[in-house]
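Chain residues, written in single-letter form:
There are 4 protein chains.
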Amino acid sequence: MKLWGGRFTGEQNELMKQFNDSFKFDRRLYAVDIQGSQAYASALHAVGLLSAQELASLRSGLHIIKDEFDTGKFERNFGDEDIHTAVERRLTELIGDAAGKLHTGRSRNDQVALDMRLYCMNEISKTVSLLETLQHSLIAQAEANLSFMMPGFTHLQPAQPILFSHWMMSFFWMFERDRARLNDALKRTAVSPLGAGALAGSPFGIDREKIAAELGMAAIFMNSMDAVSDRDFVAEFLFTLSMIAVHISHLAEDIVLFSNPAFKYLQIGEAFSTGSSLMPQKRNPDAMELARGKTGRVISSLFNVLIVLKGLPSTYNKDLQEDKQALFDSVDTTEMVLSIIAGVINSIEVFPENMLAQLTEEMLATDIADYLVEHGVPFREAHQKVGEVIKFAEEKDISLSEIPVSALNHISSKFDADVHKIFDFMRAISKKDSVGGTAPQAVKKQIEMAKEKLGM
Amino acid sequence: MKLWGGRFTGEQNELMKQFNDSFKFDRRLYAVDIQGSQAYASALHAVGLLSAQELASLRSGLHIIKDEFDTGKFERNFGDEDIHTAVERRLTELIGDAAGKLHTGRSRNDQVALDMRLYCMNEISKTVSLLETLQHSLIAQAEANLSFMMPGFTHLQPAQPILFSHWMMSFFWMFERDRARLNDALKRTAVSPLGAGALAGSPFGIDREKIAAELGMAAIFMNSMDAVSDRDFVAEFLFTLSMIAVHISHLAEDIVLFSNPAFKYLQIGEAFSTGSSLMPQKRNPDAMELARGKTGRVISSLFNVLIVLKGLPSTYNKDLQEDKQALFDSVDTTEMVLSIIAGVINSIEVFPENMLAQLTEEMLATDIADYLVEHGVPFREAHQKVGEVIKFAEEKDISLSEIPVSALNHISSKFDADVHKIFDFMRAISKKDSVGGTAPQAVKKQIEMAKEKLGM
Amino acid sequence: MKLWGGRFTGEQNELMKQFNDSFKFDRRLYAVDIQGSQAYASALHAVGLLSAQELASLRSGLHIIKDEFDTGKFERNFGDEDIHTAVERRLTELIGDAAGKLHTGRSRNDQVALDMRLYCMNEISKTVSLLETLQHSLIAQAEANLSFMMPGFTHLQPAQPILFSHWMMSFFWMFERDRARLNDALKRTAVSPLGAGALAGSPFGIDREKIAAELGMAAIFMNSMDAVSDRDFVAEFLFTLSMIAVHISHLAEDIVLFSNPAFKYLQIGEAFSTGSSLMPQKRNPDAMELARGKTGRVISSLFNVLIVLKGLPSTYNKDLQEDKQALFDSVDTTEMVLSIIAGVINSIEVFPENMLAQLTEEMLATDIADYLVEHGVPFREAHQKVGEVIKFAEEKDISLSEIPVSALNHISSKFDADVHKIFDFMRAISKKDSVGGTAPQAVKKQIEMAKEKLGM
Amino acid sequence: MKLWGGRFTGEQNELMKQFNDSFKFDRRLYAVDIQGSQAYASALHAVGLLSAQELASLRSGLHIIKDEFDTGKFERNFGDEDIHTAVERRLTELIGDAAGKLHTGRSRNDQVALDMRLYCMNEISKTVSLLETLQHSLIAQAEANLSFMMPGFTHLQPAQPILFSHWMMSFFWMFERDRARLNDALKRTAVSPLGAGALAGSPFGIDREKIAAELGMAAIFMNSMDAVSDRDFVAEFLFTLSMIAVHISHLAEDIVLFSNPAFKYLQIGEAFSTGSSLMPQKRNPDAMELARGKTGRVISSLFNVLIVLKGLPSTYNKDLQEDKQALFDSVDTTEMVLSIIAGVINSIEVFPENMLAQLTEEMLATDIADYLVEHGVPFREAHQKVGEVIKFAEEKDISLSEIPVSALNHISSKFDADVHKIFDFMRAISKKDSVGGTAPQAVKKQIEMAKEKLGM
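Protein chains in written order, with the numbering used here: chain V, 0 to 455; chain W, 0 to 455; chain B, 0 to 455; chain D, 0 to 455.
No wet-lab data here; the hints were simulated from the structure. Yeah, the Cβ is synthetic: ideal placement off N, Cα and C, and Gly gets one too. One thing to keep in mind: the hints can contain errors.
[To be verified] Some chain D residues near chain B, calculated using beta-carbon distances under 10 Å:
hint	residue
1	T8
2	G9
3	F22
4	L301
5	H382
6	V434
Start from the sequences, fold in the hints, and give me the full structure.
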């Protein structure tokens with residue numbers, strides 16, 4: 000069965016059928032397609048286009064079809080070019096002519112727009128929930144390793160000592176922004192296009208707001224032409240997934256680095272590692288590398304959709320069918336990655352002694368400058384002076400704390416015996432105690448706020 | 000003057016200086032850089048790191064520098080590698096040592112993050128306002144040409160008759176979503192990173208919330224490492240600009256098409272057209288083609304930033320300097336395009352007779368099916384029947400309205416003499432009168448709601 | 000069976016197994032994987048690492064496995080994480096211990112690099128051949144409709160009359176460049192990485208050139224670290240596919256346009272069109288719209304791979320596994336699209352009378368200017384004069400050929416009675432007779448050269 | 000002066016002038032624009048459209064204009080909307096009416112296509128030459144540090160010992176492929192579009208081959224419509240630049256990593272490093288980070304052009320003006336990056352003792368397996384056995400070489416006293432002596448071949 004054969008005389012080309020066939024990937028929309036049809040049937044009944052009996056028959060037929068899909072029993076027919084056709088065809092088999100009334104005033108243009116929106120609403124919620132699980136893991140690791148010190152890098156060069164927990168929590172906030180973006184995207188997704196018809200609107204006076212409410216959508220479209228062609232919500236969802244992917248790639252990069260024996264700050268569980276077919280000693284952080292690699296997949300799906308949309312004329316064009324696979328793939332990928340990464344974070348073993356071993360006195364250079372600032376030296380001058388201190392230590396091949404005060408005084412008279420208290424990494428860390436800083440108290444506060452965000 | 004020379008012994012490579020030089024493009028941040036420094040100076044004063052006199056001196060010096068930039072009198076020095084260095088260098092010249100205190104506890108890492116955020120806050124507002132101007136133009140054209148009928152296309156094939164004003168308003172809602180996205184992005188942009196230092200936080204107890212409030216920012220960062228590396232807001236702004244570009248590309252495609260003499264539904268003003276260097280008769284819709292072409296530029300800027308971010312390790316890496324030119328270019332491009340397009344829309348001359356001439360009875364095929372539906376035929380069957388009607392007319396080479404009712408009755412007994420009332424385009428349009436439909440009443444309602452959105 | 004379990008104590012996480020599993024998509028490499036192993040077995044035998052009997056056993060085992068895959072009988076085992084593991088596992092079942100010798104000095108790193116190269120070599124050839132088929136179709140249509148005149152557009156505005164065949168042939172040359180690019184890409188693809196091992200090279204003195212020759216590869220890698228990480232050839236193949244996609248998108252845009260009834264220059268066969276589920280009259284050029292939409296898919300696959308590669312450290316990283324699905328999808332897509340488009344071109348029905356009806360005298364404006372040039376007027380002045388001629392005709396609301404010579408003489412004294420010979424479209428076309436021009440003779444010449452390129 | 004004002008009555012919008020203005024960026028094409036005009040003038044003379052005197056006058060005028068640009072004396076006029084207009088306007092001022100003859104049969108459509116091709120031809124050559132310089136630097140460093148051993152990583156985990164020079168040379172071959180790609184791209188760039196006119200070809204019988212030869216172009220276009228719209232060469236050049244950028248990003252990633260004190264295998268010169276405004280001790284590898292960041296810029300330029308091209312109808316559309324800035328920016332960026340990186344490579348200081356210190360016996364695990372292979376154990380079994388050996392050493396907390404042979408024999412009876420010869424890193428390296436391997440002899444051979452490629 001085709002929904003449109005009436006005016007055609009010839010047959011469709013065999014290859015064209017395959018080319019045009021979207022059932023192979025849009026079948027995953029069956030539940031939302033049926034959900035939309037249930038709501039539309041009610042609306043048709045409300046305006047008298049379906050009798051109570053026809054409505055009951057449709058409802059029950061749709062219910063059966065959903066069951067068939069749920070249990071893997073739905074059998075595709077040769078002519079089912081998409082999920083909408085397949086459902087209508089099967090419905091006709093099950094309940095006869097009444098099935099043919101379901102498409103009254105409805106086009107596949109508004110139908111597929113609805114299906115995609117319902118699908119996205121579901122997947123946005125699922126993604127939010129997976130992000131929360133990952134955020135829980137991050138908090139748990141931060142709490143379990145709250146006070147371990149490690150080098151903080153900028154430009155991948157040692158910068159200042161920080162807490163391991165502070166590093167771990169930095170990712171919490173990235174994912175927190177991702178959650179916020181998803182929730183914003185949801186608002187623009189939960190808008191009902193039903194009643195837009197092919198492009199011009201419905202002549203049957205159906206109650207668009209009521210359908211929307213029934214489907215859990217907060218709003219309806221204000222322009223039928225826009226309704227059938229708007230794919231902003233697909234792009235916006237893909238953008239939020241792209242940002243998640245970018246954040247995952249940061250986390251992956253850090254973990255891959257810190258797993259190298261030159262650092263060995265941590266190790267991910269064997270359960271998430273693999274070995275080598277050639278080299279017997281290998282234990283590779285494959286989970287994180289793969290997750291990092293999949294950034295390309297997600298970002299390029301966003302671009303796929305943007306390219307498809309670029310330069311199209313108004314309303315529905317068949318190009319829009321190309322919004323699906325990119326989205327499905329990125330949703331599946333992200334959901335898998337988020338689950339894996341939560342597992343990886345839980346599996347991390349931390350080696351605080353290795354982190355500690357890489358803290359060096361040079362990383363306290365800013366603290367020496369701050370010391371001078373506290374003694375009245377303008378920061379820029381203090382910075383310059385400490386540069387000289389470092390050069391001095393390098394020339395003498397001694398550590399900073401080994402420089403005698405007298406030698407320091409040749410550089411600045413402000414140095415005093417108490418300068419040596421600076422060479423205490425935890426002291427340096429503890430001083431960064433304003434909101435968002437790396438001091439233990441500040442990190443505890445941070446974790447509290449994080450828990451609040453999750454309603455913990 | 001360099002801000003970091005102390006520990007170096009050699010000279011920087013000449014080419015490296017050029018490579019590293021960001022002043023040539025980040026100088027446009029001068030006003031926000033100075034705004035940030037003013038706020039930071041207050042904060043330093045509040046914790047006693049600046050005396051009242053030093054604060055006054057800094058304030059006045061910063062004020063002078065802003066004036067110099069405003070009036071084009073600021074002179075760059077050879078060593079000014081970025082806007083931050085340039086301002087601090089000049090400040091030192093103007094007020095001496097106190098200038099060196101401004102960087103206390105502040106790094107260029109948190110400083111540039113702040114500058115970029117303040118810049119984006121300003122440009123988001125500007126973009127919102129330009130969108131509103133364009134939306135006003137769309138409404139004005141829709142109102143001025145409210146009842147003109149034109150063919151509505153799907154797949155660029157004639158589908159159903161619609162109103163010109165309905166077509167024009169369809170773009171209003173795209174830009175309305177863009178405004179909403181910009182406002183959502185703003186929330187995540189107006190977050191203050193000041194006090195994050197290089198990566199670890201501030202040891203000087205400055206009041207981060209107060210600075211944020213002074214800068215019109217609703218929130219502060221909760222993690223200093225995240226604060227210095229987060230560029231989500233740049234990507235998110237670029238994404239919203241990309242969606243605007245995609246919407247402009249749709250509008251451009253339609254207008255370029257409708258300007259072709261085969262349609263000649265409309266013509267954009269000469270003021271936005273150009274001619275040919277070879278062909279004297281040409282009048283090309285260049286403004287729209289260029290606007291469509293610039294979609295590539297904006298989308299690829301988003302992509303640029305996402306690629307830069309992909310796979311970076313934690314905190315600041317120099318790669319992040321590459322967030323600026325892509326953003327600046329896309330902001331400039333979008334602001335220019337929006338201004339131009341508003342002008343183009345205002346300049347449009349409409350040729351309703353040409354639109355009318357392309358309405359054909361075939362575009363009422365759905366109405367014939369709806370007629371059968373109203374006479375009790377299930378839609379799917381009705382659709383099939385109308386397919387046969389069309390085939391019949393094609394074979395006889397007559398128009399649909401010329402088919403005698405007797406002939407129609409061979410196809411379906413439900414056809415009656417009143418079938419001929421269908422062949423009235425305005426009737427077909429007027430029936431699509433539910434919210435968002437193309438009926439004149441519905442479009443009027445739509446315009447009212449649009450005006451409400453703009454606070455008109 | 001895992002190829003690397005020896006040093007591990009724990010179990011791999013279940014989800015991780017799925018995440019890591021590439022067999023579901025790399026199984027399509029089975030034939031080339033086995034081809035590579037056959038060649039490698041010979042090389043191992045040549046250096047005495049396999050006895051003649053072991054070689055025979057391996058050969059025969061590999062042959063059986065290929066048969067199993069070919070006939071769909073290969074059964075995956077639970078632990079088969081990729082095609083390489085699956086083949087080795089099955090080989091062990093079939094021939095016992097000797098199977099374990101096949102991996103001597105070989106890593107999956109060089110193995111998969113080889114597989115991907117052999118795969119690309121095959122698919123490049125296939126793509127070249129599909130391009131040729133399409134080029135044949137273009138030539139056939141050009142020849143069948145050689146002398147039909149149509150408007151040529153620039154900026155989608157009428158520019159100059161051209162031949163339909165000239166338009167059609169313009170696509171021939173785009174695809175000709177694509178063929179050339181594919182052949183260039185092939186050179187850099189047919190380079191053997193076997194013998195690179197995991198990254199450091201082979202300690203067993205195998206003859207790398209001989210293996211390469213046996214596999215039809217013209218060259219071998221000069222650096223083992225480069226050999227295992229180079230994915231340039233994947234990106235380059237995807238780039239050539241992207242250019243094909245862009246060319247298809249041009250063709251699609253033209254055909255979709257020219258199928259609109261405002262033009263109706265041509266119509267694609269019903270076999271490649273579809274109808275509407277709502278509007279019974281519709282006949283949409285879906286094949287071309289879908290083909291245009293798929294441009295996004297192919298271009299974004301290229302970017303997927305480039306993003307994956309960006310910023311990776313040396314040699315093999317697991318991220319590289321992400322080169323496959325993007326490539327496979329784009330190869331499949333392009334091969335399908337090329338087949339479809341060849342069919343579409345063959346199916347095109349041309350309406351020369353509609354093209355002719357849209358030729359207007361204004362499109363001869365350049366010819367009038369050329370007339371003045373031939374009478375000694377510098378072109379720039381002639382162009383200006385013809386601008387005035389057009390304005391005059393517009394003001395008087397007459398056609399250009401209706402302007403009396405006397406009136407023309409007010410604009411330029413060079414106009415003479417013979418100016419009216421200009422208003423002959425075929426004359427204008429025939430004058431563009433240098434190589435590459437639209438004159439019938441030039442197009443015939445062009446077709447001859449095209450046939451030569453195809454060896455016709 | 001505008002080249003097309005004749006038929007227009009109104010004024011162009013002021014903002015539209017800015018929008019349409021390409022002189023601000025296409026002025027860089029002046030030399031190639033004039034070069035093209037010189038060649039075209041000759042061709043016009045050859046067919047009698049220019050007298051000898053006019054030709055001389057044109058030649059001399061063009062020469063003067065080139066001088067004015069070269070010396071920075073060219074003054075832009077208000078109406079110069081692009082480089083072509085500017086040159087023709089100035090030419091008119093200099094030599095009067097004859098200037099107006101230069102555009103005979105030429106459109107800006109074929110003119111700008113030619114300019115862009117000549118520009119690309121020059122820049123391709125320049126890029127090839129910069130690549131060679133960088134390749135020389137790589138060879139020099141490899142030779143200077145030929146025999147230093149370092150850990151080779153896969154998955155960023157220690158894999159096998161390699162030579163530093165082998166690592167360095169791996170980049171040579173990436174850039175060698177880039178050179179080959181550039182030379183292939185050149186073939187498709189050096190094709191002359193002159194004579195295509197606006198789209199239909201030239202009516203004046205000019206000798207297209209001769210012009211091409213005069214301009215150093217090997218071929219001419221075979222279809223005028225294709226000639227004016229083909230931008231494949233821009234995309235192809237940008238693709239080759241993208242691959243260069245990807246290769247640079249690999250090199251940058253390695254160098255940034257190896258500069259971290261946890262590795263400290265090398266250090267780039269101070270001349271290419273920068274410090275921190277806050278942390279006095281910092282010395283950051285900024286050059287490499289920036290170079291890595293700029294990958295985003297180059298790849299996205301390619302993407303920009305592909306998006307612009309997607310979905311355009313035939314021949315010239317104004318969108319094509321958007322091919323320029325993306326290309327110019329990426330050419331400038333790449334040329335700058337290549338120069339910088341060559342300098343960085345030259346400046347590298349190597350710390351062989353740090354590399355050596357990170358070689359561990361586990362990295363010889365494959366060699367132990369190879370030992371068993373040489374004693375007749377199938378590789379897969381050997382691999383498994385060595386896994387057990389490693390586990391044994393880990394449990395006993397001893398190094399591999401400390402395991403007594405008796406203990407090894409519990410795992411495999413094939414182990415003998417001579418097993419200890421394996422624990423010699425240089426021995427392991429030296430065994431990988433087939434072509435492309437890391438053995439000193441193989442690397443020497445590799446360097447020889449590299450020099451041959453460069454004609455050294």
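Tell me if L301/D is really an interface residue toward chain B, meaning its C-beta lies closer than 10 Å to one of theirs.
Holds - the Cβ of L301/D comes within 10 Å of chain B, reaching about 8 Å at its closest.
For the hint on H382/D, just tell me whether its beta-carbon gets within less than 10 Å of chain B.
6 Å, holds
Under 10 Å, Cβ to Cβ, is where T8/D needs to be relative to chain B, so tell me if that hint holds or is violated.
Hint on T8/D: holds, closest Cβ of chain B at ~7 Å, below 10 Å.
Min Cβ distance, G9/D to chain B: is it shorter than 10 Å?
For G9/D, the interface hint is violated, since the closest Cβ of chain B sits about 12 Å away, which is over 10 Å.
Is the interface hint satisfied for F22/D? The criterion is a beta-carbon contact with chain B at less than 10 Å.
Violated, about 18 Å.
Close enough to count: is the Cβ of V434/D nearer than 10 Å to one in chain B?
5 Å, holds
Hints 2, 3 from the list above are not met by this structure, while the remaining hints are.
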